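Colleague: This is what each chain is made of:
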Amino acid sequence: MFNHLEINNKLERILINVERPGRYTGGELNEVLKSWEDTQTHVALVFPEIYDIGLSNLGITVLYDLLNKRNDVWAQRAYLPWVDMEAALRRANIPLYALESKRPLSEFDIIGISLPYETLYTNALNMLDLAQIPIFSASRDESHPLVIAGGHAAYNPEPMADFIDAFAIGEGEEVICDIVNVFQAWKERAEPRDNLLKDLSGIPGVYVPSLYQPVYLSDGRIAEYKPLFPQAPHQVTKRIVAELPPPPTHLIVPSIDIVHNRVAVEIMRGCTRGCRFCHAGMVNRPVRERPIEQVISAIEESLKHTGYEEIALLSLSSSDYTNILELVEKVSERFNSQHLKTSLPSLRIESFSIDLMELLRDSRSGGFTLAPEAASEKMRNIINKPIATQQLLETVRAIYSRGWTTIKLYFMIGHPSETLEDVQAIADLCKAVLEEGRKAIGRKAKLHAGVSTFVPKPHTPFQWVSGDTMEEIRVKQDLLRKQLRAPGLKLNWSDPRDTMLEAVLTRGDRRVGAAIYGAWKNGAKFDAWREFFNYDTWLAAFEHAGIDPAFYTHRQRDLDEVFPWDHIHIGVSKSFLLKDYQWSLQGKLRPDCRDHCYACGILSTFAESRKNTPAESWKCPEVA
Amino acid sequence: MIRIRIYYAKTEPMRYTGNLDINKVLERALRRADLPLAYSQGFHPQPRMNQACPLPLGMTSTAEILDCWLEEDLSLEEINNRLQPALPPGIEVESILSVDLQEPKVQTLVDSTEYTATLLDEIPAEELSARIQNILSADTLPRERRGKKYDLRPLIENMVMLAPDENDRQRFLMKLAARQGATGRADEVLDALNIQPGAARLVRTRIYLLNPVTAQPQE
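Each protein sequence line maps, in turn, to chains A and B.
Sequential numbering from 2 applies to the first sequence in this note's numbering.
Sequential numbering from 9 applies to the second sequence in this note's numbering.
Calculated from the structure, these hints are not laboratory results.
Please note: incorrect hints may appear among the correct ones.
[Stated by the list, open to error] Taking lysine-lysine pairs in the DSS-like style, the calculated list, with each CA pair at most 25 angstroms apart, reads:
(1) B/K183 x B/K113
(2) A/K305 x B/K113
(3) A/K305 x A/K342
(4) A/K483 x A/K522
(5) B/K32 x B/K113
(6) B/K113 x A/K342
[Said to hold, decoys possible] Selected chain A positions facing chain B (Cβ under 8 angstroms, derived; list incomplete):
(7) I257
(8) K305
(9) G308
(10) L394
All values reported here derive from a predicted model rather than from experimental measurement.
Every residue, glycine too, gets a C-beta built ideally from N, C-alpha and C.
With these hints in hand, go ahead and build the complete structure from the sequences.
Modeller: Encoded structure:
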């Protein structure tokens, strides 16, 4: 194994021969450098995708900032090298290293992997392998780093349970420091690794999979996850921060062009809309907003530290931010004159959204994006995203006539109970929208329709439903392709094979881990990339692992079925999700819970936090 | 509006930042410095900045030149004071001059460029010297780049051996033509010397402008 100086020397010969070598050098503005020897604990934060995508990841940015504020911790970064660099590293036997110090990841104390989505699973294994760290948790000992993971996909940790020592469930801001503290205490005592894992399981929000034994029924379903250690909690409840801390402002500025070059400020966390397909909407409750002054000063500070030319106000639903008009007015007042472009995602389908966008500089240069998701009233009621077609048409008419030539509409096919008539309604609606554009501005009017395919997600009201089969998806997509052929109209759809893979992994159990390992062994990586995704490799891996993908994707679950993620508690109760599912079957809407509490479980789960937090910080209404 | 010429070094942390990205890096430094960049007119206004001569990826430089236009009439001292603390690792500003607004674009003033090569692999000084002499004494050096045939020899203005560096690695200097339509590439010269890419460290040490006297330090 090479040390960091040798790695640096070897890199000089390699970098000139790989694509975009600036991905692999570190040394960017605002990178944090410390003395390796003088720092007690070394944490490598890994985003298992290429630098171009990973650098701007907000989760990593937040944790990097928080950890490096501690004098006893040095948090560094690593991303997955692109295939040319991977080959060069393997050829030269250079282990994957952290960008700041060029130290191999294997020299770190803790490796924290971000897992926001399932198609990163094989990349995570590849990353461990490139770092020359044993892939299986059970093969690692005291000489290896502790490997932890978090992120949205970790709300169902089971598919990756064999590879990750401990999962941080929920929001990472506080739990990451608890983990470091427990690690430091354990290291001080020089105890065996098993003790570390047991200690970690005592931290609220930390799930240590090796302390649980899955028990299966004869039909393959889950009987239970049996704790193997008396103190291991039967259910691990996610962590939240009671109040959003001020956002990081010393953002790392890459020296090469990446996907998102911008100051991104999370203005709000969580969503009260309750769309039944939406994983983020269920797992990120309660809704917490950052005060306007905090957002503005964070933007100001960040611009001062970065010099970026773009601002993004992030949230799951911008329109729901309490004082969105005031916020956008202030942003435009302060920053429009500085040649700064501002993006405001996830706007409601109403003319007020156009007023907001008009306040932002340059906003007409991109398209205007709306996400109706469904086109028939029946489907809108099922998914709990009501919007009157009439209102949609009025809104798009106004968008076209107020200066936008392109509208982007996002839909989803494959929701439960969907028929071909409902899919036809999507085609009809697209045509009607384009027709409005024609009437308003003639041939200049363009429509981009993005139609993705629904995947039933854990911890949502649709966790019980069967997903569409590949054949059903193809028929629906064919219909759309046939219908939506017109000048000015562009249709995008998702590859049904991607959908199938995501569907197995997202509701997978611990047995699925063998298939992830097998697929990676046979070359699967960068599964989110068209040029690398190989469905046949995955099918072979499922077969080899004795897994029937249909068991996970196309099976309607019994209402009392035990799910592989039931021992993970998101704060929203399973009984609430079940009731919401039953309402969906009746086509019954669940209104926005900002106005009325439907007792999803968040307030009772986090009663203590709620009590100690100013009332206005959470957007949950007062409950009698 | 004023026009300034910034002489800067591109050092190790920016070595693998390509020319387009360096433009962005400099633009952001100027923004952080709160220097009011002038923008072009039109539908997509761009900051008015020009680099003298693109530096290939993988090279560092002690002698880069950037011209840019500022909306406000600031003193060079003030500009320097604001700019210095805003620079990212890998960019070091050596000096700032004031340039007449009417002056032609800096790209059109470039005449030649000078590079120092340090060889990472061991090679006897006599051997290297002989290879260099071979090239200098040749009448023509026919080469092909991206399917186009050309003669490298007239683009090489000079090559000189330098004293080895502190690690006893051989070094030499080359001065190459850099006029429009007649630009010698350092990596092509290395190839002509039979040195593999990645086996030599290249530093640009000078950009020669045709008319350097018109750029005067502000009194």
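Colleague: Each of the hints needs a verdict: does it hold here or not?
Modeller: Here is what the structure says about each hint:
| no. | hint | verdict |
| --- | --- | --- |
| 1 | B/K183 x B/K113 | holds, 22 angstroms |
| 2 | A/K305 x B/K113 | violated, 30 angstroms |
| 3 | A/K305 x A/K342 | holds, 16 angstroms |
| 4 | A/K483 x A/K522 | violated, 40 angstroms |
| 5 | B/K32 x B/K113 | holds, 19 angstroms |
| 6 | B/K113 x A/K342 | violated, 29 angstroms |
| 7 | I257 | holds, 5 angstroms |
| 8 | K305 | holds, 7 angstroms |
| 9 | G308 | holds, 3 angstroms |
| 10 | L394 | violated, 30 angstroms |
Violation of the numbered hints given earlier is confined to hints 2, 4, 6, 10; the remaining hints are satisfied by the structure.
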